[in-house]
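Participant: What follows is each chain in one-letter form.
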Amino acid sequence: MKYYFKLTFLGIIVLSSCGDSSKTQIDGTQQINVSPVFEKNISDNPSDPMPSAVKSFIQPIEGGKLPFVPKVTFFRLDLNKDSVSVFEIPTETANGLRKKFGTYDYNNLKDDLSANLPTLQIGSYLSHLSSSKSSYNFSTTSDDISYTLRIGKDSSNQDSIIKDIKNTLIAKNELPKRFVIFYDTPKVVMEKQTTLADTTTTSKTSSVTITKQTAQKALTKKKKEHAPTGSLEEYFLELANPNITYESKSGIREKILQFFTSPNAEVIFVNSSQETSTGIAINKYVKTISMTNRKVNIVDKKIEDGKIFEIYVSEK
Amino acid sequence: MWIKKLKMGKYSKSMFLKNKITHKVSVIFVLFSFTIVPNAFAQQMSEDGVKTLSQEQLDGFREQAIKTINDLEKFVQVIANKKNSLDKKNDAIELALDLFISDTTTIEISSLSSNKTHIYPIGGYLARLKLLPYLSVKITWYKIYLGTQFVKGPNGYYYGSATFLQKFEGRSNNEMGNYTDVTKRHIIIVLKKLDLLNGDSKTNKYVLKLGDIKVEETTHG
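As given, the protein sequences belong to chains D and P, one line each in that order. Numbers 35 to 350, taken from this note's numbering, label the letters of the first sequence in order. Numbers 54 to 274, taken from this note's numbering, label the letters of the second sequence in order.
Rather than coming from a laboratory, the hints here were simulated on the basis of the structure. Worth double-checking, as some hints may not be accurate.
Listed next, with one range per pair, are the computed distances between beta-carbon atoms [as the list claims (entries may be wrong)]: (1) P:Ile197 to D:Pro276: 18 to 28 Å; (2) P:Ser189 to D:Asn331: 33 to 43 Å; (3) D:Gln292 to P:Lys191: 34 to 44 Å; (4) D:Val333 to P:Asn208: 22 to 32 Å; (5) D:Lys350 to P:Thr170: 29 to 39 Å; (6) D:Pro297 to P:Gly274: 37 to 47 Å; (7) D:Gln292 to P:Glu270: 48 to 58 Å; (8) P:Ser189 to D:Glu268: 34 to 44 Å; (9) P:Thr216 to D:Ser306: 53 to 63 Å; (10) P:Asn231 to D:Glu268: 40 to 50 Å; (11) D:Glu338 to P:His273: 53 to 63 Å; (12) P:Tyr198 to D:Lys329: 22 to 32 Å.
Below 30 Å or equal to it, Euclidean Cα-Cα: the simulated DSS-like pairs (lysine-lysine) are [claimed, not checked]: (13) D:Lys350 to P:Lys127; (14) P:Lys135 to D:Lys318; (15) P:Lys246 to D:Lys318; (16) P:Lys136 to P:Lys120; (17) D:Lys341 to P:Lys246; (18) P:Lys127 to P:Lys191; (19) P:Lys246 to D:Lys350; (20) P:Lys196 to D:Lys329; (21) P:Lys258 to P:Lys245; (22) D:Lys318 to P:Lys141; (23) D:Lys336 to P:Lys245; (24) P:Lys169 to P:Lys127; (25) P:Lys135 to P:Lys245; (26) P:Lys169 to D:Lys329; (27) P:Lys196 to P:Lys141.
Quantities reported herein were computed from a predicted structural model and do not represent experimental measurements. Yeah, the Cβ is synthetic: ideal placement off N, Cα and C, and Gly gets one too.
Work the whole structure out from these sequences, hints included.
Facilitator: So, in structure tokens, the structure goes:
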């Protein structure tokens with residue numbers, strides 16, 4: 035196709051462009067170099083959902099506030115020229131801020147984005163942007179650990195901080211008005227504190243990657259918290275309980291996913307003794323059941339290495 | 054005005070025309086599909102080595118189709134309900150979109166105050182459903198009927214349809230007032246063929262997805 039669009043993306047921000055946003059300070063003794071991993075966001079499929087980096091970017095921090103009003107730029111590439119869509123939050127006050135500094139409500143951002151979809155004509159992507167689901171997603175496989183960081187501004191000390199999903203302080207940005215975007219596992223490199231001049235020459239050679247250890251620790255903790263103690267059938271029964279709110283069922287969903295080889299394990303429906311599929315993966319299916327409260331009967335399951343990779347269900 | 058029911062943003066003319074053309078093409082294609090003698094066509098496809106679903110398998114998908122439409126109704130209710138959290142609404146949007154065959158699937162919107170209907174991408178429609186400027190919104194689907202049997206199209210997909218009535222109730226405490234209507238809707242159901250490679254052999258698998266949603270008529274109910 036001659037005009038085959040490629041959504042690469044980059045969403046970026048920053049009301050202030052000063053300095054290098056990848057440099058942060060922590061504990062006053064060590065410098066952390068944080069590098070966004072953008073290459074994973076590249077997609078050549080126009081129907082792909084919004085890149086995770088953008089999702090990460092709009093995660094709310096404590097209290098549901100975003101520290102800065104963002105500007106997000108989308109790059110759509112075709113064979114002949116670059117087509118760039120720029121989205122800017124409508125501003126009601128000066129200096130590009132809709133609300134006063136530091137109090138831009140996450141819900142306002144979502145609504146603003148939604149309201150501007152037709153103008154941008156990239157609705158299918160932006161509609162995903164308003165989803166906050168990725169913020170608390172912690173997807174793991176045996177050899178791949180990933181999680182999404184929440185990025186925000188600590189109202190107590192007015193410094194930009196970066197926390198993981200467990201609210202653990204990962205990094206602290208002492209330079210104000212700055213954003214760092216992460217995608218999946220952040221590449222956090224801890225170094226000895228150096229002068230600014232030293233950093234430019236030594237950071238790459240003397241760095242020690244701590245990403246894996248940090249993530250592994252979080253993973254272990256996470257696994258312990260969500261380790262299933264009941265049976266899969268029991269958890270499905272809990273999901274169907276109309277007296278438990280959708281939000282309260284998130285822990286049950288996590289436990290169910292522990293039974294599967296991957297969140298994308300396929301769900302096959304058995305209707306009238308026939309197998310049918312809607313192409314829905316288990317991670318989506320548990321959300322559906324959480325909302326519809328339908329009772330699930332497990333008909334069969336295919337297992338690999340002790341975990342389910344395909345489940346056959348009928349519904350009541 | 055229809056805007057009263059569903060406040061949409063501005064739409065570009067080119068995008069509207071594109072949707073309109075897509076809509077026409079899809080309608081023509083579905084009509085074409087239903088005029089073909091199913092058995093003769095199935096036989097032709099079988100000769101080409103493409104899997105043809107048995108009547109029992111199609112019956113299973115018919116049952117699944119009703120469940121899928123019920124799911125969509127539930128998601129629409131969650132999205133429209135002002136009492137639900139934004140996270141829950143957004144999850145519902147995502148789950149609802151997964152039910153459709155593609156991002157280009159459209160929904161036709163009508164209103165009692167206008168003879169014209171408008172066609173919008175399903176994603177945009179759902180995203181705005183949660184922002185309707187009413188104090189409360191209640192959407193109910195009932196009298197859901199599956200139409201004809203599934204009929205196989207030239208692309209190997211199977212096509213069917215269903216109709217249902219949708220009651221929309223929007224309540225407002227401002228000058229907008231309250232709004233209620235009942236719309237008879239028609240929805241395309243598609244059994245999408247997936248080609249799976251297993252070593253050197255190629256097999257087919259079908260998944261059920263929803264297609265365009267049209268308006269047949271809108272009344273006061």
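Participant: So which of the earlier hints does this model not fit?
Facilitator: Per hint list: 9, 25 and 26 violated.
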